[in-house]
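K.L.:
Line order of the protein sequences matches chains B and P.
Note that this note's numbering has the first sequence beginning at 308, numbered continuously upward.
Note that this note's numbering has the second sequence beginning at 308, numbered continuously upward.
It cannot be assumed that every hint is accurate.
Said to hold, decoys possible - Label-pair restraints from in silico Cβ distances: (1) G482(B) / G708(P): 47 to 53 Å; (2) D371(B) / D606(P): 49 to 55 Å; (3) L327(B) / E594(P): 52 to 58 Å; (4) A328(P) / R390(B): 46 to 52 Å; (5) K485(P) / R390(B): 48 to 54 Å; (6) K614(P) / E503(B): 29 to 35 Å; (7) K339(B) / A466(P): 52 to 58 Å.
Don't read these hints as lab results, they were simulated from the structure.
Cβ atoms here follow ideal geometry from the backbone N, Cα and C, with glycine treated the same way.
Protein chains: 2
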Amino acid sequence: MKTFRYPEEHEWKEIVERPLADPSAIQKKVRKILEKVKEKGDRAVAKYTARFDEVELDSIQVTDEEIKEGIDLVPDELKNAIRQAATNIETFHRFQLQQTDWVVTMPGIMCSRKMVPIEKVGLYIPGGSAPLFSTILMLGIPARIAGCREVILCTPPGAGGEMHPAILFAADLVGIKKIFKVGGVQAIAAMAFGTETIPRVYKIFGPGNQYVTEAKQLIQEMGIAIDMPAGPSEICILADESAEPSFVASDLLSQAEHGVDSQAILITTSERVFQGCLNELKELIKELPRKEIAERALDNGYVVLVKNLEEGIKLVNEYAPEHLIIACEDCDRLADKIVNAGSIFLGNYSPESVGDYASGTNHTLPTNGFAKMYSGLSVDSFVKKITYQKLSREWLKNIAGTVIAMAEAEGLQAHAQAVRVRFS
Amino acid sequence: MKTFRYPEEHEWKEIVERPLADPSAIQKKVRKILEKVKEKGDRAVAKYTARFDEVELDSIQVTDEEIKEGIDLVPDELKNAIRQAATNIETFHRFQLQQTDWVVTMPGIMCSRKMVPIEKVGLYIPGGSAPLFSTILMLGIPARIAGCREVILCTPPGAGGEMHPAILFAADLVGIKKIFKVGGVQAIAAMAFGTETIPRVYKIFGPGNQYVTEAKQLIQEMGIAIDMPAGPSEICILADESAEPSFVASDLLSQAEHGVDSQAILITTSERVFQGCLNELKELIKELPRKEIAERALDNGYVVLVKNLEEGIKLVNEYAPEHLIIACEDCDRLADKIVNAGSIFLGNYSPESVGDYASGTNHTLPTNGFAKMYSGLSVDSFVKKITYQKLSREWLKNIAGTVIAMAEAEGLQAHAQAVRVRFS
Numbered sequence: 308m309k310t311f312r313y314p315e316e317h318e319w320k321e322i323v324e325r326p327l328a329d330p331s332a333i334q335k336k337v338r339k340i341l342e343k344v345k346e347k348g349d350r351a352v353a354k355y356t357a358r359f360d361e362v363e364l365d366s367i368q369v370t371d372e373e374i375k376e377g378i379d380l381v382p383d384e385l386k387n388a389i390r391q392a393a394t395n396i397e398t399f400h401r402f403q404l405q406q407t408d409w410v411v412t413m414p415g416i417m418c419s420r421k422m423v424p425i426e427k428v429g430l431y432i433p434g435g436s437a438p439l440f441s442t443i444l445m446l447g448i449p450a451r452i453a454g455c456r457e458v459i460l461c462t463p464p465g466a467g468g469e470m471h472p473a474i475l476f477a478a479d480l481v482g483i484k485k486i487f488k489v490g491g492v493q494a495i496a497a498m499a500f501g502t503e504t505i506p507r508v509y510k511i512f513g514p515g516n517q518y519v520t521e522a523k524q525l526i527q528e529m530g531i532a533i534d535m536p537a538g539p540s541e542i543c544i545l546a547d548e549s550a551e552p553s554f555v556a557s558d559l560l561s562q563a564e565h566g567v568d569s570q571a572i573l574i575t576t577s578e579r580v581f582q583g584c585l586n587e588l589k590e591l592i593k594e595l596p597r598k599e600i601a602e603r604a605l606d607n608g609y610v611v612l613v614k615n616l617e618e619g620i621k622l623v624n625e626y627a628p629e630h631l632i633i634a635c636e637d638c639d640r641l642a643d644k645i646v647n648a649g650s651i652f653l654g655n656y657s658p659e660s661v662g663d664y665a666s667g668t669n670h671t672l673p674t675n676g677f678a679k680m681y682s683g684l685s686v687d688s689f690v691k692k693i694t695y696q697k698l699s700r701e702w703l704k705n706i707a708g709t710v711i712a713m714a715e716a717e718g719l720q721a722h723a724q725a726v727r728v729r730f731s
Numbered sequence: 308m309k310t311f312r313y314p315e316e317h318e319w320k321e322i323v324e325r326p327l328a329d330p331s332a333i334q335k336k337v338r339k340i341l342e343k344v345k346e347k348g349d350r351a352v353a354k355y356t357a358r359f360d361e362v363e364l365d366s367i368q369v370t371d372e373e374i375k376e377g378i379d380l381v382p383d384e385l386k387n388a389i390r391q392a393a394t395n396i397e398t399f400h401r402f403q404l405q406q407t408d409w410v411v412t413m414p415g416i417m418c419s420r421k422m423v424p425i426e427k428v429g430l431y432i433p434g435g436s437a438p439l440f441s442t443i444l445m446l447g448i449p450a451r452i453a454g455c456r457e458v459i460l461c462t463p464p465g466a467g468g469e470m471h472p473a474i475l476f477a478a479d480l481v482g483i484k485k486i487f488k489v490g491g492v493q494a495i496a497a498m499a500f501g502t503e504t505i506p507r508v509y510k511i512f513g514p515g516n517q518y519v520t521e522a523k524q525l526i527q528e529m530g531i532a533i534d535m536p537a538g539p540s541e542i543c544i545l546a547d548e549s550a551e552p553s554f555v556a557s558d559l560l561s562q563a564e565h566g567v568d569s570q571a572i573l574i575t576t577s578e579r580v581f582q583g584c585l586n587e588l589k590e591l592i593k594e595l596p597r598k599e600i601a602e603r604a605l606d607n608g609y610v611v612l613v614k615n616l617e618e619g620i621k622l623v624n625e626y627a628p629e630h631l632i633i634a635c636e637d638c639d640r641l642a643d644k645i646v647n648a649g650s651i652f653l654g655n656y657s658p659e660s661v662g663d664y665a666s667g668t669n670h671t672l673p674t675n676g677f678a679k680m681y682s683g684l685s686v687d688s689f690v691k692k693i694t695y696q697k698l699s700r701e702w703l704k705n706i707a708g709t710v711i712a713m714a715e716a717e718g719l720q721a722h723a724q725a726v727r728v729r730f731s
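So here's chain B without its partners, still in its complex pose (with noise of 0.2 Å):
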């Protein structure tokens, strides 16, 4: 890792700035399967799906028998283990559905805003090293407690064709009907535009590799919604005297071993966790049996020495994490000043990997210094929000001349009208 001891504030320019992707490269190859899936629908992704998982399938979609036969194989610790972060994730999240209330702005004017959750949404999950079901929980119990009405899974097959026990286990337990043995960009174009098999949906979901995040890119242009910009994954730690540099130092780790491009900074006040951290990550670094990614991230991760508690919040508010952990005596305190993190870890025994599994927090955050200005994944991000409004003749007229005024004024005299006509 590099470090830094007591930076200036000019030189925190190279801490916070995260690689810049440049899309424009694989940009002409998404937009191609795009096109592709769009014209030619079942066909188009079957050829993908030869290309790129080098699998071919008589049906995409996962049968009821497969299900089954997929939950039967999961050992029944990894089943109690899903059920209890479940369980975790459906209380936190259901405090996030909203009451309608009927505001009274003025006397005889009423107005409401109400959630009605959207109505077809697509859940991608990528494939690769690690079958994430924990992220089909993330994404299916939001969904399901906003009360989308299509929820569809859409995850590359492995190299049998077949699908991980877990994946299946996972899907069945919020309750996703719909699963499709796809992945990649041509995922991303079936459930935006629709195929004979998979049915079209309004907003997508999920994370991927950088062609299915330019996919994602490219379909939000053509007005189908989506989470928010990805990146790469982060942590943040900021640390006094009271932390422990193992734990430091295996939290760094932990989003370490994601991906080479995972951002890991530790940003302190103490010595004594600086040396020892850099210390515990060469040892502990060792067991793991993704050191390989984990090594080369860290290549790109930084630890800084800052002279105070009030410069280091100062930075990871410029840097503005996708996950901070603050390991501090007084971290409730601090984590008040904290403005731009996507999610918050306090204390000494509140590891990330709580929250990527199992606290009941959504995992899905802004990476890239996102959470600046985007929230991490909620029920909000399933519905959408219809205001109402409610006036009686009577009622009207108390607020005609203000609209009349105001309409005029800006040149709109079918506005006043509307209002006029109705009194004449």
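Could you slot chain P onto chain B? The hints should help.
P.N.:
Same frame as chain B, now just chain P:
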């Protein structure tokens, strides 16, 4: 207007499909302006202002004196109207602030979510034929309620470099301190990248022409957030026998006068309303100063006679209008069946223009069918929600097994290690 009598469902496509905007023709031009402003800052802004607004300014920031002078020029009646509207908007939007609640997901696991204002936001108000000071209220009031630290406003200067007094009054009323005389793509670029004079912001709000819309789309790809994708404004009216043809016609006209690409649709079960509305339109349009715009907009509009209200509701949900007036006896019950709309106006005395200005709801709403997956603007749009979790050593123990089982099943050993290390 084009008329349909009892169309079959397969004929709905023509009604619900919006004209496709193709930005490719202007994309190159817009991209060039973005790049130049990014590179050359204020100098590029001045150049484009001279070219497009045909005015050369000594200073682009509106001075305190200009604001004071402008406010003095606004007639008292208009001031009072704007104040009344602002009060109603404030009253309605205040209810959108959410408390932070701690949720105990398991004995000992505390989670919460808190609204935190986006620090820096930019508001854009177009110039052109109408000074849209009402939009300043709609953007500025939720920004103030959210607590955004820096709120800036860009709007194009008039021919002599002046600003419309009502714009200055409205901006002052909602507490906006920094107003810049910059319009078009150069304004969006300046707020996205920052110049010597105009601060960089994290999220940009506000309506605009196709160039501004395309600029917002492009800066979104570069990592700056925008309020929502935009399209021409729309109204849909669902009317039964209880509706008054002259009211319906005047509401369609209030939409049609916005621009030649505005969409106005009437769906009715009543032959009387169907025919009456067509007749009234011919009469009412005669009196309008913006008659030619309204006429051209109505050419793209539809009057649709449907068999019953069930079918009407279904067609409305397919169309997903920005504004929906339910001019029906049973409007409340029918409103419950609407799942896709931006804002709903209930009954015969709730014209759209009352929501455009003064009922209290926000008039920045999803167009172009985006009501299927996007909400209108609200306090939510000016905040992000940060999540928190806190566990103690003992509490972490309760969930350790769950986290470790899931992490290992996903092949992420460092995630499991981050929990284990805390108990070794």
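K.L.:
Determine for every hint whether it applies to the structure shown.
P.N.:
Cross-check of the supplied hints:
1. G482(B) / G708(P): 47 to 53 Å: violated (25 Å)
2. D371(B) / D606(P): 49 to 55 Å: holds (52 Å)
3. L327(B) / E594(P): 52 to 58 Å: holds (56 Å)
4. A328(P) / R390(B): 46 to 52 Å: holds (47 Å)
5. K485(P) / R390(B): 48 to 54 Å: holds (53 Å)
6. K614(P) / E503(B): 29 to 35 Å: Check passed, 31 Å falls within 29 to 35 Å.
7. K339(B) / A466(P): 52 to 58 Å: violated (48 Å)
Consistency with the previously given hints fails for numbers 1 and 7, ordered from lowest to highest.
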